[in-house]
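Visitor: Same order as they appear, the protein sequences are chains A and B.
1 is the number of the first residue of the first sequence in my numbering; add one for each residue after it.
1001 is the number of the first residue of the second sequence in my numbering; add one for each residue after it.
Keep in mind the hints are simulated off the structure, nothing from the lab.
In this text the structure is predicted, and so the values were computed from the model without any measurement.
Treat the hints with caution; some may be incorrect.
Think about it this way: if two alpha-carbon atoms lie no more than 25 Å apart in a straight line, the pair counts; the simulated PhoX-like pairs of lysine-lysine are [what the hints assert, rightly or not]:
#1 A:K46 to A:K61
#2 A:K46 to B:K1020
#3 A:K61 to A:K127
#4 A:K61 to B:K1020
Example chain A residues on the side facing chain B (calculated, C-beta under 8 Å, incomplete) [to be verified]:
#5 I15
#6 D20
#7 Q41
#8 D42
#9 F44
#10 W63
#11 V67
#12 W99
#13 L102
#14 I132
#15 L141
Glycine residues also receive a C-beta, built at the ideal position from the N, C-alpha and C atoms.
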Amino acid sequence: MTGTAFLQDPLVYAIEHYTDMVLRLAAHYAPNLSDAEDVVQDVFEKLVRFEKGFESEEHLKAWLIRVTINHCHTLARASWNSEVELQEWLPAREEGGQWEMLTLVRQLPPNYRDAIYLHYYEGYTAKEIAQILHTRPNTALTWLRRGREALRGHMEGDGGYEC
Amino acid sequence: MSAEQYRNELDQLHASPELKARLAALQRETPPAAKPPKLRLAKRAGASVVAAAACLMLCVAVWRGEMLSGKGGFSAADASSSPAVAEYSVQMDESMREAAAPERGTETAAAESTEGASADKDSATGAADAPAPSEASGAEAGLLPENAMLRVNGELYRYAGRQSDALRCGMMDGMVTAVTASGETPTEDNQANFGTVGMGYQYGPEGTVEVYLEEADAWLVFEAVEKGAAQP
Chain A
1 MTGTAFLQDP LVYAIEHYTD MVLRLAAHYA PNLSDAEDVV QDVFEKLVRF EKGFESEEHL
61 KAWLIRVTIN HCHTLARASW NSEVELQEWL PAREEGGQWE MLTLVRQLPP NYRDAIYLHY
121 YEGYTAKEIA QILHTRPNTA LTWLRRGREA LRGHMEGDGG YEC
Chain B
1001 MSAEQYRNEL DQLHASPELK ARLAALQRET PPAAKPPKLR LAKRAGASVV AAAACLMLCV
1061 AVWRGEMLSG KGGFSAADAS SSPAVAEYSV QMDESMREAA APERGTETAA AESTEGASAD
1121 KDSATGAADA PAPSEASGAE AGLLPENAML RVNGELYRYA GRQSDALRCG MMDGMVTAVT
1181 ASGETPTEDN QANFGTVGMG YQYGPEGTVE VYLEEADAWL VFEAVEKGAA QP
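Can you build the whole structure from these sequences, using the hints too?
Guide: Here is the structure:
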C-alpha cells in the first residue's frame, strides 16, 4: 500500500508500517515491555476511533507520534510509578550489548526524550519537532541542546543535567 | 557511545508476535474500510437532529402540562396551532404585562387580526384579556372564606371569589410571612388571615394580587379593599 492508498485504510497501513515506531517511542516511557505493548494497542485503538482522516502519510505518522507521546505522558503521570531496569524487560540485543543509550535517554526529562528520539532516530528537524510537539522551534532546539548536554554529562560520568 | 549506537539499539526493538496478534485482532474487529468522514458527520448530524427533536418534544410536553394544570380555557392543541398563543404568552409575562397594561386593547386587536387565529380568537382574546381573570365556577369559588384577606405593600386585599387562569412564570413577587387568625384583618405587610406562611403571590392585573394556594393548585384573585394605595 503506497501513495494515497493508505487513506483507504489508515489502520492497516499504520499497523504495517508504524507499529515498531510506536513501540520504540513507548519504550522511552513504559516501565516494562507489557506496558509498552499496551501503549501500542491503545494508540491503534485511538486510530480506529479517529474520524477526521489524514491528509497524507506524513500526517498519519506525526499523528501517531503525537498520540503516543501524549498517552505515555498521561500514563507516566497516572500509574507508571515503578521503574524497572530496561535490561530486565527488553529482549537481549543481537550484538550482545546493553541498552545503554536508550537507558540514558529514558532518564532525560520527557520533553528532552521526545526531542532526542524525533531528531536522532526519526530524523526530524527542530522545526518539524516543534510542529509535532506543538511548541516553538526555539523551544524544540533548546530541548535538543539540553538533552544532548545531559547525555554528554551522563556519558562523561558526572551524571547530572539540568531539567 | 553515539547517536549511531542509539539508532542501532532502537532498530532492534520490534513488535513481539503477541503484540502483532493483538493488533491483528484489532484489525479484524474493525470494518475493513473506514466509513468516509462525510457519512460519519451526517450520522452525527442526524443524531443531533434527533436529540433536538426530543428536547423540543419534552419542552412541548412540559408546556402542555402547565397548560393543563393551569386549567386553561383552551386546549394545548389549540394553543400549539394558534398564532395568538404568542400574544397570549407575552401577555402573561409579568414585566411585559405591567408594561403593556395601558395598551391592552391594541394587543387584543392585534391578536384578533392575526391570520389563522380565528378558530381560537375567542379563547385567545379572552386569554389576552386575562388581566380580567375568568369568572370562577362554583366549585372554584369556595376555596377560601369571603373574608380572606392579605396585606401587601400597605394595602389590604380581599378574596375576590375567583381564580386566575393566567399563564405565569414561576417567579413570585412576594410571600406570606405571617398568618393571623381567621376573621382578623391583617395589619402588616405580607400578612394573611388564611392559609399558611410561605404562600407566594404575584401582582395581577387591574390592581389585584394573586395568591398561589398550593393545596388547591390554584391562583386566587384578591382585590384591593383600600383604594388609592400605590400599585407596585
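Visitor: Need the list of violated hint numbers for this structure, in ascending order.
Guide: The structure conflicts with hints 8, 10, 11, 14 and 15, although it agrees with all the remaining ones.
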